[in-house]
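Given these sequences and hints, build the entire structure.
As you go down the protein sequences, you meet chains A and B in turn. In this text, residue positions in the first sequence follow this note's numbering: the first is 5, and each later residue adds one. In this text, residue positions in the second sequence follow this note's numbering: the first is 5, and each later residue adds one.
Rather than coming from a laboratory, the hints here were simulated on the basis of the structure. The reader is advised that the hints may include incorrect statements.
[As the list claims (entries may be wrong)] Taking lysine to any residue pairs in the SDA-like style, the calculated list, with each CA pair at most 20 angstroms apart, reads: (1) K151/A <-> K35/B; (2) K228/A <-> G134/B; (3) K151/B <-> E207/A; (4) K151/A <-> N206/B; (5) K151/B <-> K178/A; (6) K167/B <-> Q91/B; (7) K228/A <-> A88/B; (8) K228/B <-> M248/A; (9) K228/A <-> A198/A; (10) K12/A <-> G71/A; (11) K35/A <-> G210/B; (12) K87/A <-> K24/A; (13) K151/B <-> R58/B; (14) K87/A <-> D146/B; (15) K38/B <-> K24/B; (16) K38/B <-> E195/A; (17) K35/B <-> R209/A; (18) K228/B <-> A198/A; (19) K76/A <-> Q10/A; (20) K151/B <-> S233/B; (21) K35/B <-> N108/B; (22) K35/B <-> K24/A; (23) K35/A <-> S233/B; (24) K151/B <-> S208/A; (25) K167/B <-> Q118/B; (26) K24/A <-> S141/A; (27) K167/B <-> D143/B; (28) K87/B <-> P102/B; (29) K228/B <-> Q10/A; (30) K38/B <-> W56/B; (31) K24/B <-> Q10/B; (32) K87/B <-> E19/A; (33) K35/B <-> Q10/B; (34) K87/A <-> K87/B; (35) K151/B <-> A88/B; (36) K35/B <-> L64/A; (37) K35/B <-> L186/A; (38) K38/A <-> K24/A; (39) K24/B <-> N108/B.
This one's a predicted model, so the numbers in the text were calculated from it and none came from an experiment.
Number of protein chains: 2
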Amino acid sequence: MLSKSQAKYIRSLAEQKYRKENNAYSVEGDKLAKEWLSSQTNIHMVVGLETWIRSNEALLCRHPEAGVVAVKPYELAAVSSLKAPNQVLLVAEMPAPPDALPDNEWCLALDTIQDPGNLGTIIRIADWFGMDHVVCSPDCADAFNPKVIQAAMGGHLRVQVHKADLPSLIAEVKMPVVAASLSGDNVYGMEALAAAVLLIGNESRGLSPDLMQLATHRVMIPRKGGAESLNAAVSAGILCALLMPRS
Amino acid sequence: MLSKSQAKYIRSLAEQKYRKENNAYSVEGDKLAKEWLSSQTNIHMVVGLETWIRSNEALLCRHPEAGVVAVKPYELAAVSSLKAPNQVLLVAEMPAPPDALPDNEWCLALDTIQDPGNLGTIIRIADWFGMDHVVCSPDCADAFNPKVIQAAMGGHLRVQVHKADLPSLIAEVKMPVVAASLSGDNVYGMEALAAAVLLIGNESRGLSPDLMQLATHRVMIPRKGGAESLNAAVSAGILCALLMPRS
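Quick look at the structure:
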């Protein structure tokens with residue numbers, strides 16, 4: 005059974021302020037909880053249905069540091085951020101801030117991505133394509149927001165998510181800097197790039213003009229229909245698939 | 005000013021049952037409302053802030069069929085599905101059901117896509133790549149759900165969204181039927197296809213085995229990192245960019 009103060013603590017982690025204060029974030033659902041427990045992450049607390057805890061004893065044994073609390077479905081629902089709570093929620097320790105910024109390898113740099121679902125989907129793309137780093141401008145959605153964690157599907161365990169002032173970061177990198185632009189070069193005519201920073205702009209305003217200026221490659225995905233643009237994550241996925249080395 | 009019954013009617017359109025009953029759906033926000041008013045769609049009602057109505061008189065004149073109601077911000081907020089209501093909401097007539105299913109042209113077929121944001125993003129991809137048809141299995145999210153309309157960014161005005169039993173549809177088509185599969189052929193080794201149905205599977209279970217069986221081409225986007233899969237919309241976008249004719 006969860007105490008009132010434990011429940012209050014877990015619910016508070018839905019807010020960035022309390023995640024920061026406690027250096028912790030929450031992860032929900034059977035699949036993600038198993039991924040987190042299989043990783044090296046420090047786990048503070050596991051709150052699960054009794055059946056779930058019984059069937060995952062081996063995984064839980066790997067984390068003697070974690071307090072395990074068996075709860076009833078209504079107790080889980082009361083602390084869950086999900087519409088349909090899924091058996092388990094855990095509280096994990098925030099990773100140490102990444103020490104070095106990406107250098108001579110593919111990475112994504114996000115300018116004011118505000119939708120948590122988009123941010124998570126983009127971290128998942130970075131994870132799929134084997135990138136180690138995603139850099140967020142300070143006004144992006146918080147990467148440890150529960151919706152970002154859900155959408156990234158475990159990407160946080162493999163991709164380091166930085167916060168950085170993008171113009172100064174980009175001004176320093178020695179790699180190609182790629183930006184999608186409707187007036188850019190046709191991406192189908194371009195060679196793959198061994199390393200690059202791919203800039204991804206805000207969902208409605210696109211990339212800020214100062215960042216667009218810093219791009220060394222402006223590329224365009226040819227449009228055949230009437231849509232004004234593609235979703236930020238979809239366009240990032242397409243550019244990774246077309247511009248990253250294929251083997 | 006909105007009457008109580010008008011407000012109740014508009015709010016009811018957030019539910020599929022009432023959209024069907026009234027053969028109408030709602031569209032919100034400055035950008036989308038302008039797109040809808042610029043189209044041939046029959047508009048039943050426009051509910052906007054006074055300032056918005058004054059600055060869009062020319063567009064509104066094109067729709068003498070529409071009842072225009074000037075409202076205060078709190079009245080708009082009371083009928084809006086958006087967290088931050090954006091000046092205007094309109095009620096549009098549902099399009100007539102598409103008469104012919106796609107034939108010999110690229111289209112997307114969605115198997116149980118349940119997240120409205122994903123569904124809208126996929127309609128936006130079809131719109132970007134100039135497709136006329138998206139076919140949804142009966143258990144997909146409803147295409148006229150307000151969240152789908154928002155995410156599709158006007159795609160509903162150019163792409164016909166069908167509901168159909170996918171196995172019987174797919175069994176009849178004479179085009180290539182493409183499915184993403186982790187054990188498929190490397191997509192980078194494939195030639196573009198002049199026409200095809202691209203099958204897109206459910207967000208967590210993937211494509212149902214009976215549909216996978218009907219695919220003539222099983223393709224794999226090579227994975228370099230640790231992610232188990234890509235988001236359904238991102239993978240659809242990548243496959244369109246790689247497999248559709250480039251000119």
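Hint check:
Distance restraint check for K151/A and K35/B: the Cα-Cα separation of roughly 26 angstroms exceeds the 20 angstroms cut-off, and the hinted pair is therefore not satisfied. This hinted pair checks out: K228/A and G134/B have alpha carbons roughly 5 angstroms apart, not beyond 20 angstroms. Annotation: proposed proximity of K151/B to E207/A holds, straight-line Cα distance about 15 angstroms (limit 20 angstroms). This hinted pair checks out: K151/A and N206/B have alpha carbons roughly 19 angstroms apart, not beyond 20 angstroms.
Proximity of K151/B to K178/A is assessed by CA-CA distance (about 41 angstroms); at most 20 angstroms being required, the pair is judged violated. Restraint check for K167/B and Q91/B: not satisfied, since their Cα atoms lie roughly 32 angstroms apart, outside the 20 angstroms limit. Restraint check for K228/A and A88/B: the C-alpha separation of about 32 angstroms exceeds 20 angstroms, so the hint is violated. Of the pairs offered as hints, the one joining K228/B and M248/A holds, with about 11 angstroms between alpha carbons and a cut-off of 20 angstroms not exceeded.
Taking the CA atoms of K228/A and A198/A, the gap is about 29 angstroms. The hint is violated against a cut of 20 angstroms. Taking the CA atoms of K12/A and G71/A, the gap is about 16 angstroms. The hint holds against a cut of 20 angstroms. Taking the CA atoms of K35/A and G210/B, the gap is near 15 angstroms; set against the 20 angstroms cutoff, the hint holds. Pair hint K87/A plus K24/A does not hold up; C-alpha atoms about 24 angstroms apart against a cutoff of 20 angstroms.
Distance check on the hinted pair: K151/B and R58/B sit about 27 angstroms apart at the alpha-carbon level, beyond 20 angstroms; violated. Our distance criterion of 20 angstroms between C-alpha atoms is met by K87/A and D146/B, whose separation comes to about 18 angstroms. For the hint linking K38/B to K24/B, the alpha-carbon distance of about 24 angstroms lies beyond 20 angstroms, and the restraint is violated. The suggested pairing of K38/B with E195/A is violated, with an alpha-carbon distance near 39 angstroms, which exceeds 20 angstroms.
Distance hint between K35/B and R209/A is fulfilled; the C-alpha atoms sit about 12 angstroms from each other, no more than 20 angstroms. Distance restraint check for K228/B and A198/A: the Cα-Cα separation of roughly 14 angstroms lies within the 20 angstroms cut-off, and the hinted pair is therefore satisfied. Of the pairs offered as hints, the one joining K76/A and Q10/A holds, with about 15 angstroms between alpha carbons and a cut-off of 20 angstroms not exceeded. For the suggested pair K151/B and S233/B, the alpha carbons sit about 24 angstroms apart, so the restraint of at most 20 angstroms is broken.
About 33 angstroms separates the Cα atoms of K35/B and N108/B, which puts this hinted pair outside 20 angstroms; it is violated. The hinted pair formed by K35/B and K24/A fails the criterion: a straight-line CA distance of about 36 angstroms is larger than 20 angstroms. Between the alpha carbons of K35/A and S233/B the distance comes to roughly 13 angstroms, so the proposed pair stays at or under 20 angstroms and holds. For the hint linking K151/B to S208/A, the alpha-carbon distance of about 16 angstroms falls within 20 angstroms, and the restraint holds.
In summary, the hint linking K167/B to Q118/B is supported, as the alpha carbons are separated by about 14 angstroms, within the 20 angstroms threshold. At roughly 17 angstroms between alpha-carbon atoms, K24/A and S141/A fall within 20 angstroms of each other, so this suggested pair holds. At roughly 9 angstroms between alpha-carbon atoms, K167/B and D143/B fall within 20 angstroms of each other, so this suggested pair holds. Straight-line distance between C-alpha atoms of K87/B and P102/B comes to about 32 angstroms, which puts the hinted pair past the 20 angstroms bound.
Note on K228/B and Q10/A: the hinted pairing is violated, with a Cα-Cα distance of about 40 angstroms set against a maximum of 20 angstroms. Restraint check for K38/B and W56/B: the C-alpha separation of about 11 angstroms stays at or below 20 angstroms, so the hint holds. Between the alpha carbons of K24/B and Q10/B the distance comes to roughly 17 angstroms, so the proposed pair stays at or under 20 angstroms and holds. For a cut-off of 20 angstroms, the pair hint linking K87/B to E19/A stands: about 17 angstroms separates their Cα positions.
At roughly 23 angstroms between alpha-carbon atoms, K35/B and Q10/B are farther apart than 20 angstroms, so this suggested pair is violated. The straight-line distance between the Cα atoms of K87/A and K87/B is roughly 17 angstroms, inside the 20 angstroms bound, and the hint therefore holds. A C-alpha spacing of about 13 angstroms is found between K151/B and A88/B, which places the hinted pair at or below 20 angstroms, so the restraint holds. Proposed proximity of K35/B and L64/A is contradicted: the alpha carbons are some 50 angstroms apart, above 20 angstroms.
For the suggested pair K35/B and L186/A, the alpha carbons sit about 19 angstroms apart, so the restraint of at most 20 angstroms is met. Restraint check: the Cα-Cα separation between K38/A and K24/A comes to about 24 angstroms, which exceeds 20 angstroms; the hinted pair is violated. In summary, the hint linking K24/B to N108/B is not supported, as the alpha carbons are separated by about 31 angstroms, beyond the 20 angstroms threshold.
Hints 1, 5, 6, 7, 9, 12, 13, 15, 16, 20, 21, 22, 28, 29, 33, 36, 38 and 39, counting from the list given before, are not met by this structure.
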